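Residue numbers (this note's numbering), protein chains in the order written: chain P, 1 to 641; chain C, 1 to 109.
Hints in this document: simulated from the structure, not taken from any laboratory. Since we're looking at a predicted model, the values are computed, not measured. Wrong hints could be hidden among the right ones.
Cut-off 30 Å, straight-line C-alpha distance, at most; resulting in silico cross-link-like pairs (DSS-like, lysine-lysine) [claimed, not checked]: (1) P:K641 / P:K379; (2) P:K541 / P:K57; (3) P:K560 / P:K543; (4) C:K4 / P:K543; (5) P:K164 / P:K315; (6) C:K4 / P:K541.
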Amino acid sequence: MDAIQLIYLVPLLPLIGCLINGLGRNFLSKTLIGIIGSLVVFLPFCISGLIFFAVSKEGFTSQNISYFDFIHVGKLSIPFEFQVDQLTSVFLLIITGVGFLIHVYSISYMKDETQSGFGRYFSYLNLFVFSMLILVLGGNYVIMYIGWEGVGLCSYLLIGFWFKDQANNDAGKKAFIMNRIGDVGFLLAVFWMVSLFGTTSYHELFNPQNGIVASISSINSHAIVGITLLLFVGAIGKSAQIPLYTWLPDAMAGPTPVSALIHAATMVTAGIYMIARSNILYSLAPITLAGVASVGLVTAILAAIIALRQNDIKKVLAYSTVSQLGYMFLGLGVGAYSAAVFHVMTHAFFKALLFLAAGSVIHAMGGEQDITKMGGLGKKMKITYITFFIACLAISGIPPFSGFFSKDEILSAAYANSPLLYVIGLGGALLTAFYMFRLLAMTFNGKFRGTPEQEHHLHESPATMTVPLIILAVLSAIGGFVGIPEIFAKNGNKLGDFLSPVFENSSHIIAQNKVPHQTEMILIIVSALLVIIVSIWAWNKFKNYAPSTAKENGFVRAIKNKFYVDEAYDMLFVKPYRSLSAFFNNVFDKKGIDGIVNGVGRGVNYGSRQLRLLQSGQVGSYLLLMVIGLLILFIIQLFTK
Amino acid sequence: MEIKWYLFLSLALFCIGIIGALTRRNSIIVFMCIELMLNSVNLLLVAFSKMHLAGTNAFSYSMATSAQIFVFFIMIVAAAEVSVGLAIIVMLYRNTRSIDINFLNRLKN
């Protein structure tokens, strides 16, 4: 239990690091900033490890640690509290572990920054880790909301890190505004919960013994469906699902480690965490769950299709992230909460690895991100190549790499729900394999297609960059073994068993259909075989890529242009909004408001010029007016008696 | 004598005072008219005092004495006011070489 008492240090240390790096950015040396920045994430990682062991002890029940009253209004009391349970501890390990590796990686990746820029970068990064930890540690929805907004802010700051380029600022603003749309939904859901339940604390709401929600037995009541839908709107914004996903590919304008940490491994999984945390609510609203599953599935497919034809190495990975997040939502939607969390974990490993390896490539290429100008990098950058290869195997779901187990768990849960979901999901997985191996082959195989200077410049990255790559590669390779399906090993699904107390209530409400073992075996073999075939096909097709001049047909052009979604949003929302603003500016403000203000001024001016004439200076006229006034007063006195 | 004759006299004096103050341009005449109005009110007070003195109860007696004291107050204040007013007129004459109040229009506009 001692480790759990130290929990406040977990978010506090990154906050301190943020303050030190932020305030001392002008006089601390880069080495010192790098060490402080990484250390304040490494120490929480150690504490998280201790917490994990404390939590995994026999007979642990979720703990609620309350520090002080955060809001106290009338009957409503919202304490500043942390909740420690299995779900929290898994997320703590992911955030601090992957976060630490990315901090170390950043030290070399950002070494060309100015000293103050370097400090600013690490300050933001620490602030992000702090916010994310608050998000997962928070013991009620309000504390979660603090972290929720905090990560959005850090995302904005880091996307626009190189703020001298206007495009980066625009991308940051886009991410922030898109997130805000979702946040409104989250906030409304919190208000609704406050008015309905009078509390937002998890332990009061979800406690299996005497929780408020746990005692609700009606399915699909209006309030619960409303709350879950609004929460889901928040998750859509944060986790980049249709229709709010367009910010994530643009978010790649930030430094690559930021993309790895925020826009792949941690922040975008906040939506998954939130739904997994409120699993009981969602289980009580199967309508919402169906919505979650379908949004997730459609996003998974659409983003995968777009990724097929992207030529920017980071854009491919960004769409791949959107697609994988879609899988997680599919998992949540079919009630396989622990499978979704499992995929969050494996995805954090391999996606962080992919982004960091991509960063290593971009670093070697001197900032070039277009894969049509790469090729043949495998010979020059062996470690990056091998780690990237492992990550591709993992994300494509090739056994026995980590992505295979997590994706398989989601897909078999989808099959149990409806075979149609499985087929579409498998289609998405095949698309994933295709675009990942296309990316791999175009980047690392074949002949180099860049300029001679770039070819001369090619080099393997320094150890601070490759060591995190290697660690993440190992994790990507073996990370799946914590969740081996039952058919391969009895009690193999360690993670599922570990998380089961969190999802215990839900499992009472929605009966998880179990797929017969034989069917599951067939499904696994079929999907694995198909994925391997597609991977080899894509590899062969693109390993000697040469730019072709053949005319593209309309569908390919549509894919290349991301189905014109950005343009459509521009037409539908941005342009009307702009013209409305212009209308308000030119007509309402300039004519209306200014007219009233100026009119009042002019009226007073005119009136006083007229009134001035009364002041004639003739004593006689003053006297006369005085007498008339007195007479009027006298008459009033006479008649009001 | 009945009270109403006093009232008529006082009213007549007051009206003469008003009309004089409004119509005349000579500031000394205007000033005199103002004094006239003041004294018409004094006359009224004295007349009412006399009327109340004829009454029998203690209240009317006290009213009568207060009215007399009022009159003395007004006379003293009027005396002070006269000295100030005459001083103003003297200054007016020194400045404009005239006592026409229509010259007192420096504050116009």
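Against the structure, the hints:
no. : hint            : result
1   : P:K641 / P:K379 : violated (111 Å)
2   : P:K541 / P:K57  : violated (51 Å)
3   : P:K560 / P:K543 : holds (20 Å)
4   : C:K4 / P:K543   : violated (129 Å)
5   : P:K164 / P:K315 : holds (21 Å)
6   : C:K4 / P:K541   : violated (128 Å)
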